Amino acid sequence: MMNFVWLLAVETAEAVEEGGGLFDLDATLPLMAVQFVLLAVALNVLFYKPLGKVLDERDGYISSNQVDAAERLAKAEQIAKQYQQELAETRRQAQSVIAEAQEEAQKIAAQTVAVAQQEAQAQREQVQRELDEQKNQAMATLEQQVDGLSQQILDKLLGSLAA
Amino acid sequence: MLMIHPLVLAKLEVGQHLYWQLGGLKLHGQVFLTSWFVIGALLLVSFLATRNIQRIPSGLQNFMEYALEFIRDLAKNQIGEKEYRPWVPFVGTLFLFIFVSNWSGALIPWKLIHLPSGELAAPTNDINTTVALALLTSLAYFYAGFSNRGLGYFAKYIEPTPILLPINILEDFTKPLSLSFRLFGNILADELVVAVLVLLVPLFVPLPVMVLGLFTSAIQALIFATLAAAYIGEAIEGHGGEEHG
Numbered sequence: 001m002m003n004f005v006w007l008l009a010v011e012t013a014e015a016v017e018e019g020g021g022l023f024d025l026d027a028t029l030p031l032m033a034v035q036f037v038l039l040a041v042a043l044n045v046l047f048y049k050p051l052g053k054v055l056d057e058r059d060g061y062i063s064s065n066q067v068d069a070a071e072r073l074a075k076a077e078q079i080a081k082q083y084q085q086e087l088a089e090t091r092r093q094a095q096s097v098i099a100e101a102q103e104e105a106q107k108i109a110a111q112t113v114a115v116a117q118q119e120a121q122a123q124r125e126q127v128q129r130e131l132d133e134q135k136n137q138a139m140a141t142l143e144q145q146v147d148g149l150s151q152q153i154l155d156k157l158l159g160s161l162a163a
Numbered sequence: 001m002l003m004i005h006p007l008v009l010a011k012l013e014v015g016q017h018l019y020w021q022l023g024g025l026k027l028h029g030q031v032f033l034t035s036w037f038v039i040g041a042l043l044l045v046s047f048l049a050t051r052n053i054q055r056i057p058s059g060l061q062n063f064m065e066y067a068l069e070f071i072r073d074l075a076k077n078q079i080g081e082k083e084y085r086p087w088v089p090f091v092g093t094l095f096l097f098i099f100v101s102n103w104s105g106a107l108i109p110w111k112l113i114h115l116p117s118g119e120l121a122a123p124t125n126d127i128n129t130t131v132a133l134a135l136l137t138s139l140a141y142f143y144a145g146f147s148n149r150g151l152g153y154f155a156k157y158i159e160p161t162p163i164l165l166p167i168n169i170l171e172d173f174t175k176p177l178s179l180s181f182r183l184f185g186n187i188l189a190d191e192l193v194v195a196v197l198v199l200l201v202p203l204f205v206p207l208p209v210m211v212l213g214l215f216t217s218a219i220q221a222l223i224f225a226t227l228a229a230a231y232i233g234e235a236i237e238g239h240g241g242e243e244h245g
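Protein sequences, first through last, are from chains C and G.
Residue numbers for the first sequence follow this note's numbering, beginning at 1 and rising by one.
Residue numbers for the second sequence follow this note's numbering, beginning at 1 and rising by one.
Hint data in this document are derived by calculation from the structure and do not stem from the laboratory.
Be a bit skeptical, because a hint or two may be false.
[Unchecked claim] Derived lysine-lysine pairs resembling DSSO-like cross-links, with alpha carbons at most 27 Å apart:
1. LYS26/G / LYS76/G
2. LYS76/G / LYS49/C
3. LYS82/G / LYS53/C
4. LYS76/G / LYS53/C
5. LYS111/G / LYS49/C
6. LYS82/G / LYS156/G
7. LYS82/G / LYS26/G
[What the hints assert, rightly or not] Some chain G residues well away from chain C (every beta-carbon gap over 10 Å; in silico):
8. PRO89
9. ILE108
10. TYR157
11. THR174
12. ALA230
Note that the structure is predicted; figures quoted are calculated from it, not measured.
Using N, Cα and C, we set each Cβ at its ideal position, and we do this for glycine too.
Build out the structure end to end from the sequences listed, making use of the hints.
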């Protein structure tokens, strides 16, 4: 350890004697500056510009895509809404059509029933009339027969009296 | 000294550099070697990530997009939604360069490659690099202030009262100073601590410190980039603003 410290001191001393040392500023400084500026220029052409352009283009691409997507989303939502409205409309129409049809059917049924009842009534009345007629005829026939029989009876009775 | 050398398992070298000569100018070769590696890695990864760009990212592209978004958020938070875009390359490169430098220093066993003098380490391990980055940051926020507010930028020196003029001027010096020394000191200290521990106990014991070093390195990169962005944002906004460590 002591050896090393001693050595370090000696070496530094040597270096200083040679004109070197830690703080030895010389032509390295301006040349390094020139070199650095050249590096910056080269990297600007080779690295910053192309990649920066790509980054900016990608940003533009992404944001335009985002705007586009948002637009399409809004459009899709609008279409969905419209469809829903149409669906509701159609459903309402269907309901009204059904109601109408039911009403009509009921009307038709009622009409048919009424017609049938009327017919039945008419038939019944006709039958009744026929029945009455036949009854009258039968009554008339019976009356005639009764008249004939009573005449016969009367003749018989009068004959026997007369005899 | 020569008798001691063989006893030492690992050698610590502080303040030694691999000097290159460039027309009478002295350069720290090891800093450039690793910085070229870092720059190469960054360019390669960027190239691979943007070679075949997809709208739906995957793999490396995804990762680098994550990094870019992180940097953008950082710049946006500090500079503001309206003005941050032109500053993303600067702040981002600061972050990426410092981050990759720090982690390369912590993760890649540079010391296996022997240099004639000095040793390879994170580029941010050298004061020249950090001062260069800090001075660039100063230039950047001066430029941001002047380009946005013209000469009205000078008004910030007498805000909220002219009494604070010296302090406000001093701030322009303390900002790069604190930026550069914070980064330099943290990275150098981290590497030194790891090196000393490795020297003393070569097995397992340095591991937690190394993990801590990774954490510190990442935080330092984040701090540097965030503060640079904050200074720029402050210069653009011009409401005085508070001093950041």
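We went through each hint and held it up to the structure:
With a C-alpha separation of about 39 Å, the suggested pair LYS26/G and LYS76/G falls outside the 27 Å cut-off, and the hint is violated. The suggested pairing of LYS76/G with LYS49/C holds, with an alpha-carbon distance near 16 Å, which does not exceed 27 Å. Pair hint LYS82/G plus LYS53/C holds up; C-alpha atoms about 17 Å apart against a cutoff of 27 Å. Taken as a hint, the LYS76/G and LYS53/C pair is honoured in the structure, with Cα atoms around 17 Å apart against an allowance of 27 Å.
At roughly 36 Å between alpha-carbon atoms, LYS111/G and LYS49/C are farther apart than 27 Å, so this suggested pair is violated. In summary, the hint linking LYS82/G to LYS156/G is supported, as the alpha carbons are separated by about 21 Å, within the 27 Å threshold. Pair hint LYS82/G plus LYS26/G does not hold up; C-alpha atoms about 43 Å apart against a cutoff of 27 Å. Against chain C, the non-interface label of PRO89/G is violated: not every CB pair exceeds 10 Å, the least being about 4 Å.
Separation of ILE108/G from chain C is adequate, the least Cβ-Cβ distance of about 19 Å exceeding the 10 Å criterion. Chain C leaves TYR157/G outside its interface by the beta-carbon criterion, the shortest separation being 25 Å against a cut-off of 10 Å. Every CB of chain C lies more than 10 Å from the CB of THR174/G, the least distance being 17 Å, so the non-interface label holds. For ALA230/G, the non-interface assignment is confirmed: its Cβ lies about 18 Å from the closest Cβ of chain C, beyond the 10 Å cut-off.
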